[in-house]
Amino acid sequence: RVPGGGLAILAFGKLGSGELSPTSDLDLVFVYDHPADAEASDGEKPLTPGVWFGRLCQRLISAISAPTAEGNLYEIDMRLRPSGSAGPTASRLESFERYYREEAWTWEHMALTRARVVAATSQDIDYRTTAIVCATLARPRDPDRLVVDVADMRLRMAGQHRGESLWDVKHRRGGLVDIEFIAQYLQLLHGPTHPRVFAENTAEALGRMGAVQALDKDDDASLIRALGLWWRLQDALRLIVPSGLNEANIPDSTRAALARAATQPDFETLISTMEESYERVSVLYRRIVDDPAEEARKRLPASEEN
573 RVPGGGLAIL AFGKLGSGEL SPTSDLDLVF VYDHPADAEA SDGEKPLTPG VWFGRLCQRL
633 ISAISAPTAE GNLYEIDMRL RPSGSAGPTA SRLESFERYY REEAWTWEHM ALTRARVVAA
693 TSQDIDYRTT AIVCATLARP RDPDRLVVDV ADMRLRMAGQ HRGESLWDVK HRRGGLVDIE
753 FIAQYLQLLH GPTHPRVFAE NTAEALGRMG AVQALDKDDD ASLIRALGLW WRLQDALRLI
813 VPSGLNEANI PDSTRAALAR AATQPDFETL ISTMEESYER VSVLYRRIVD DPAEEARKRL
873 PASEEN
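Heads up, the sequence shown is in my numbering, so the first residue is 573 and it goes up one at a time.
Accuracy of the hints is not assured; some may be wrong.
Derived DEER-like restraints, expressed as beta-carbon distance ranges [to be verified]:
no., residue 1, residue 2, range
1, W677, T595, 25 to 31 Å
2, R651, Y699, 36 to 42 Å
3, Y699, D863, 37 to 43 Å
4, P814, P607, 29 to 35 Å
5, P660, T841, 48 to 54 Å
6, R670, T595, 33 to 39 Å
7, P607, T835, 30 to 36 Å
8, T702, R832, 38 to 44 Å
9, E851, S657, 46 to 52 Å
10, L872, D824, 49 to 55 Å
11, D807, T702, 27 to 33 Å
12, H733, T841, 24 to 30 Å
13, P767, R859, 22 to 28 Å
14, H733, S655, 33 to 39 Å
Below, computed lysine to any residue pairings styled on SDA-like, alpha-carbon distance capped at 25 Å [said to hold, decoys possible]:
no., residue 1, residue 2
15, K586, L632
16, K586, M650
17, K617, R664
18, K586, G656
19, K586, N773
20, K586, W803
21, K617, G656
22, K586, G800
23, K789, S737
24, K789, P864
25, K742, R664
FYI, nobody ran anything at the bench for these hints, they're computed from the structure. The beta carbon of each residue, even a glycine, is placed where N, CA and C say it ideally should be.
Could you build the full structure based on these sequences and the hints that come with them?
Given below as structure tokens:
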């Protein structure tokens, strides 16, 4: 062990927000710390703290993703760690704090709205890691720069995932990504003055927006209703047709199962409800993000437009 050392595991994404669905991977970030005078581990072959914690985290990853008779336990995704795939497996606490203070992009701060400590070796490192997350999120931001960054990020995602299928409830315009972007954007925008809006869970965050008038209550309800629909359908699609839905030939049994999962009386009503939900969320996204971003671009210096 590293004398006095500690480790915290941060969950991002669906694990962080408590929204895990079938086949979801686990977005994890490892943060460690140790006293300044702890120069090496106390084993027979002493290692520097960075190497020791890095190896510990690699063992944890191997255990969590181990193959079993039922398949791998979980897929682990660590691309959200500081500096992404180029970064170390585990970051020292001070480096983690400095990265989010000085280097992290807006999209990384958006992802941080869903982060929470899910395991820690001590209350101390749990508290200090959580404090860094909270302080980062509560930092005041330039509203013009923020909304432009959010809109640009969504456009880049749309270029990578066209979301043309009615059943692509994640990437289609008006789907899950649009709702999550609205929630994350509004948290970063209003959080410095209304800290209560912060919540890892998307539905809970949206509900808190309505409570502080950051969202009209009707809009708030529409987003939460659509979010629930997309969650239920995403779960059902992953369980019923894990290899993908053949839209040209959907069996009656699959139609009935999808309608039932979405709490709709029949398949035709489900299709209508989906189309209406996509349209409603798209309208709200344009009003909350895209239109303000267009106006903000006019106010930003030319050097900051991109």
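Status of each hint after checking the structure:
1. W677 x T595: 25 to 31 Å: holds, 27 Å
2. R651 x Y699: 36 to 42 Å: violated, 26 Å
3. Y699 x D863: 37 to 43 Å: holds, 40 Å
4. P814 x P607: 29 to 35 Å: For P607 against P814, whose Cβ atoms are near 48 Å apart, the range 29 to 35 Å is violated.
5. P660 x T841: 48 to 54 Å: holds, 51 Å
6. R670 x T595: 33 to 39 Å: holds, 35 Å
7. P607 x T835: 30 to 36 Å: Because 54 Å falls outside the window, the suggested range is violated.
8. T702 x R832: 38 to 44 Å: holds, 40 Å
9. E851 x S657: 46 to 52 Å: Since the Cβ atoms of E851 and S657 sit about 37 Å apart, the hinted range of 46 to 52 Å is violated.
10. L872 x D824: 49 to 55 Å: holds, 54 Å
11. D807 x T702: 27 to 33 Å: holds, 29 Å
12. H733 x T841: 24 to 30 Å: holds, 27 Å
13. P767 x R859: 22 to 28 Å: holds, 25 Å
14. H733 x S655: 33 to 39 Å: violated, 24 Å
15. K586 x L632: OK: K586 and L632 at ~19 Å, within 25 Å.
16. K586 x M650: Measuring from Cα to Cα gives roughly 13 Å; hence the hint holds.
17. K617 x R664: holds, 21 Å
18. K586 x G656: holds, 18 Å
19. K586 x N773: holds, 8 Å
20. K586 x W803: Distance of about 11 Å is within 25 Å: holds.
21. K617 x G656: violated, 30 Å
22. K586 x G800: holds, 14 Å
23. K789 x S737: violated, 30 Å
24. K789 x P864: Given pair K789, P864 holds - Cα atoms ~20 Å apart, limit 25 Å.
25. K742 x R664: violated, 34 Å
In summary, the structure is inconsistent with hints 2, 4, 7, 9, 14, 21, 23 and 25 from the numbered list given earlier, while agreeing with the others.
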